[in-house]
Amino acid sequence: MTQTRPALLECNDLWKVYGHNPEGFVKAYAGSPSAEDLQAHHMVGAVRKANVKIYEGEIFVIMGLSGSGKSTLVRCLSRLIQPTAGELIFDGQDILSKSDKQLIEIRRKRMGMVFQHFALLPHLTVLQNAAFPLEVQGMPRAKREERAREVIELVGLKGRENYYPAQLSGGQQQRVGIARSLAVEPDLWFLDEPFSALDPLIRREMQDEFLRLQGMLKKTIVFITHDFDEAIRLADRIAVMRDGEIVQVARPEELVLNPADDYVSEFTRYIPRAKVLTLRSIMRPGAVDGTAAGTLSVTDRVESIADEVERSDTDFNIADEDGRTVGHIGRREIIDVLIGRGVNA
Amino acid sequence: MSVLDQDLKTPIRLRSLTWLRAPWLFWGGLLILTWAVSHYAFDIYRALDARWIIRFPATWQPDFESRITAFMDWLLHDAQLFGILFRDVTRAISAVIEAPYDLVVDVLVTGLQQGIGQQAVQILPPLSWVAVIFTVTAVGHYTKSWSMAVLMGLCFTYLAVFGQWESAMLTLASVLIAVPIAAGGGLLLGVLAFRVRWVDRAMRPILDLMQTVPVFAYLVPILFMFGFGPVSALVATIIYAMPPMIRVTIVALRGVPEELAELGRMVGCTRRQQMWKVLVPSAKPMLMVGVNQVIMLTLNMVIIASMIGAGGLGYDVLTALRRLDIGGGVEAGLAIVVLAIALDRLSQAYAGRTVTQKAAQSQGGFAMRHRWSLSIIAVILVTGLIGAAASWLQTYPDALVINTGQIWENAIGYINVNYFDTLDAAKTFLLTWFLLPVRQFFVGIPWPWGLMAMTLIGLRVGGWKLSLLVFVLTGLIVLSGLWDKAMMTVYLCGASVVIASAIGIPLGLLAASNPVSNRIVGAFIDTLQTLPSFVYLIPVVMLFRVGDFSAMIAIVAYALAPAVRYAAHGIRSIDPQIIEAGIVSGCTRGQLMRRIKLPMILPELLLGLNQTIMLALSMLVITALVGTRDLGQEVYIALTRANTGQGIVAGLSVAFIAIIADRLLEAAAKRMRKQMGMA
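From first to last, the protein sequence lines are chains A and B.
If you read the first sequence in this note's numbering, its first letter stands for residue 7, the second for the next number, and so on.
If you read the second sequence in this note's numbering, its first letter stands for residue 287, the second for the next number, and so on.
Keep in mind that the hints are not guaranteed to be accurate.
Claimed, not checked - Quick list of in silico lysine-lysine cross-link-like pairs, DSBU-like style, CA-CA up to 30 Å: (1) A/Lys164 with B/Lys563; (2) A/Lys164 with B/Lys644; (3) A/Lys149 with B/Lys563; (4) A/Lys107 with B/Lys570; (5) A/Lys59 with A/Lys104; (6) A/Lys115 with A/Lys104; (7) A/Lys281 with A/Lys224; (8) B/Lys570 with A/Lys149.
Since the hints were made in silico from the structure, they are not lab data.
All chains, full assembly: derive it from the sequences and hints.
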């Protein structure tokens with residue numbers, strides 16, 4: 007569905023190797039040394055031959071356990087660190103060849119980033135923190151504070167503009183971090199495990215908040231997490247990483263239905279199907295015989311409509327994105343999913 | 287280096303040195319051998335008829351002293367830097383320092399004057415004592431709380447009431463100049479080192495050296511370059527106080543969380559914005575700790591600096607000490623202590639300021655936010671105006687000054703009269719049974735054996751690189767013909783360090799054992815460390831007169847703090863699970879201490895010992911005033927004669943001893959940590 011949109015950021019055969027003379031090493035192996043080659047030369051392949059396309063307006067989640075290279079990858083994508091080899095294209099331009107000055111310009115105007123531990127400047131108030139990216143650009147004070155107030159209100163912290171970070175709870179601090187990253191109205195929004203440092207309940211709340219914001223803003227998002235539940239909840243597409251390699255890139259549903267290997271299926275095994283599967287993948291083709299109880303969308307997840315369908319004695323029609331009826335669904339299909347019967351689980 | 291390479295190397299080294307590896311054999315053997323050589327050195331010389339064994343021949347000495355003196359002469363008179371006379375450079379530096387200093391002195395002490403000398407006419411009076419006290423009180427409240435304000439007010443009122451006002455203000459003036467320059471300069475150099483790798487590399491050994499070189503070593507050249515006067519004193523103070531600030535800056539900047547640096551880059555900071563808008567402000571709490579250190583070091587220098595021309599409280603103490611004026615010395619010394627406590631607490635409070643305070647203070651309208659600055663200006667104006675008519679408001683009236691000099695004199699006199707026997711007995715006991723034997727041992731060591739023993743120790747503790755360093759440094763001391771004096775230094779320092787550790791480590795263990803004792807010991811140690819080093823000398827000299835014993839007590843008092851601190855810190859940083867494991871295994875308290883805690887804190891103790899030695903060495907030179915006969919005395923003599931060569935050579939010799947001790951202990955601590963798998 008999203009694939010039709012243009013890619014805002016793409017990387018081709020991206021490598022980040024640590025060790026002695028990494029550039030020469032990667033070149034010597036014709037741009038793709040194997041895991042054994044790396045080990046033999048005491049090199050660490052933090053990111054190995056990553057190929058990623060991120061389309062405009064999608065939430066692209068990079069998911070992996072600690073040490074899988076996801077943080078390194080996102081730092082390569084934002085060029086916080088210089089990749090060892092490969093190609094990085096942002097909005098049609100090769101940004102690996104950009105000078106520091108050009109890079110500063112791109113970051114000031116087009117990128118925003120939210121950090122795991124918030125990275126708030128302790129000596130600045132909430133307002134000043136949110137206005138910081140604009141201050142760095144040299145925007146006059148009145149103007150930048152006006153903009154900062156807007157984003158602070160957007161994240162629901164109105165009234166706390168003059169607090170210092172240390173006076174806020176973790177969730178509130180991350181709201182400031184989000185407000186700050188949005189102050190420049192970035193096209194590309196990086197979130198590096200933004201909710202990992204928060205308590206579970208707050209995390210949930212912040213995820214809802216994040217979805218609410220994205221519903222309004224429609225940014226292109228690269229979201230890092232180690233939490234598969236979180237990935238499933240938020241992602242349009244997920245890239246699963248392991249040992250520096252991207253194992254699979256797929257929609258959450260595909261990931262659950264067709265895991266690329268045992269590693270991915272290990273993750274998906276205990277994920278309740280109802281949370282992931284959309285009606286598209288379980289509907290029966292054709293319209294309902296007789297009268298339908300109602301119409302649902304192919305993008306609805308089972309979880310969200312299960313109650314409604316289960317209570318109804320008659321089946322529902324299912325419409326695709328354009329409103330055409332493409333299938334129908336009844337109590338039985340829903341129950342199959344809920345108790346894990348039939349669907350290849 | 288790969289793991290493989292290391293594996294190949296170690297066994298070879300092991301094999302060739304196995305005989306050195308049994309610890310007790312090595313240390314015990316070395317000690318006994320050294321004792322024997324030291325004891326029979328004279329007989330050996332007789333037997334071999336080789337006088338060079340006990341006295342390094344003058345003809346072998348390259349005469350460092352006169353060469354350095356000649357070099358300094360050339361530097362000052364003929365040397366050119368890019369076509370500018372070196373002399374002009376030093377003059378420019380003094381002008382830059384002198385101008386603000388004169389201004390501050392005008393404001394605090396003399397008032398703005400027109401004309402010179404006798405014809406000078408005062409145009410504006412200096413700040414009145416009332417205004418100064420009000421200002422510091424206000425600053426105290428602004429930084430922390432009312433209790434801080436009261437403390438500041440009391441401290442400064444003390445200075446006025448006990449008649450130390452003018453000297454104290456002069457000292458305060460030099461602090462006010464030295465601290466910003468030292469802290470600012472340290473910050474800039476630290477930033478530079480953080481940014482530019484080769485600067486960091488180049489600066490590191492210099493900083494190491496600066497930390498171990500006693501102040502006296504550069505007092506003489508500074509005196510030579512800047513002449514006798516407050517500027518020299520300020521330059522020496524700044525040089526002394528700056529290195530810790532540089533170190534703290536580098537550490538603080540490195541300690542800024544990586545995420546904050548990334549944030550700066552992500553929002554598109556230029557390098558300058560990254561440094562001054564992100565890194566430095568984020569590191570501010572730690573930087574403030576550095577500023578606090580700078581303040582304390584500046585106050586520590588107050589008395590030493592008065593030897594090359596600083597006035598104020600330090601000068602008062604120095605003259606009192608020279609005249610053996612007990613009362614005057616104690617009075618001025620106490621005033622320094624009071625000033626030190628006030629400034630220490632104030633800067634610590636500033637470093638610990640919380641955001642809540644900051645937030646609270648930015649509330650309200652202009653007058654509310656600036657109520658303190660406004661009221662300070664008001665008080666200054668009012669006291670200035672009324673003070674012209676009512677002089678008691680301008681200067682604290684002499685009639686109300688409380689003079690405590692006589693009281694101190696009487697107190698010391700009383701102790702001397704009534705407890706002389708006890709004190710003297712204690713002194714004689716320690717001298718006969720401890721100090722003199724140790725002295726004989728060290729002074730008797732002939733230089734060839736000393737050189738060899740040190741090299742062996744270096745080899746044993748840290749391998750051939752360290753051993754080479756130790757050999758070269760010891761060799762330089764020998765070459766300069768100062769071996770005997772160096773051994774005197776080692777003896778005095780060593781004996782003091784042993785005593786300081788014997789007192790300090792148990793105190794540290796006690797402090798770590800429960801919160802109450804921690805607070806008591808902590809307060810005691812804080813006070814000890816806040817006191818400028820010279821202050822210890824005054825009462826000690828009064829009670830025990832001049833000599834090694836007095837020097838030793840002063841050194842012990844000064845060097846005690848790190849021993850306590852490191853022991854306590856070591857115990858506290860032991861993983862509680864390990865202690866619990868010990869308890870669960872059924873250890874008694876004694877066993878816990880002996881079998882678990884002590885072995886685990888050994889590396890920490892060594893570092894504490896290291897610090898103790900450094901402090902002891904820096905104090906050694908000060909104790910030259912009470913008539914020791916070591917390298918410190920050599921420097922002191924050089925200072926009074928303005929003999930640059932002698933001063934630098936002797937100063938560097940002390941520095942070499944310090945470096946040797948530092949490297950040996952560090953290597954030993956590292957080895958131990960490695961053995962325990964803590965590295």
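* 30 Å limit on alpha-carbon distance, applied to hinted pair A/Lys149 and B/Lys563 -> 19 Å, holds
* For the pair we were handed, A/Lys164 and B/Lys644, check the Cα-Cα distance against 30 Å. => Holds - the C-alpha atoms of B/Lys644 and A/Lys164 are around 20 Å apart, at most 30 Å.
* Take a quick look at whether A/Lys107 and B/Lys570 sit within 30 Å of each other, Cα to Cα. => 28 Å, holds
* Mind checking the alpha carbons of B/Lys570 and A/Lys149 for me, to see if they're no more than 30 Å apart? => Given that 30 Å is the threshold and the Cα spacing comes to 28 Å, the pair holds.
* Asked: Are the Cα positions of A/Lys59 and A/Lys104 separated by 30 Å at most?
  -> Holds, at roughly 20 Å.
* Asked: Is the Cα-Cα distance between A/Lys115 and A/Lys104 30 Å or less?
  -> 15 Å, holds
* Asked: Would the pair A/Lys281 and A/Lys224 pass a check requiring their Cα atoms to be no farther apart than 30 Å?
  -> 23 Å, holds
* Proposed proximity, B/Lys563 with A/Lys164 (alpha carbon, max 30 Å) -> 25 Å, holds
Of the numbered hints stated above, none is contradicted by the structure.
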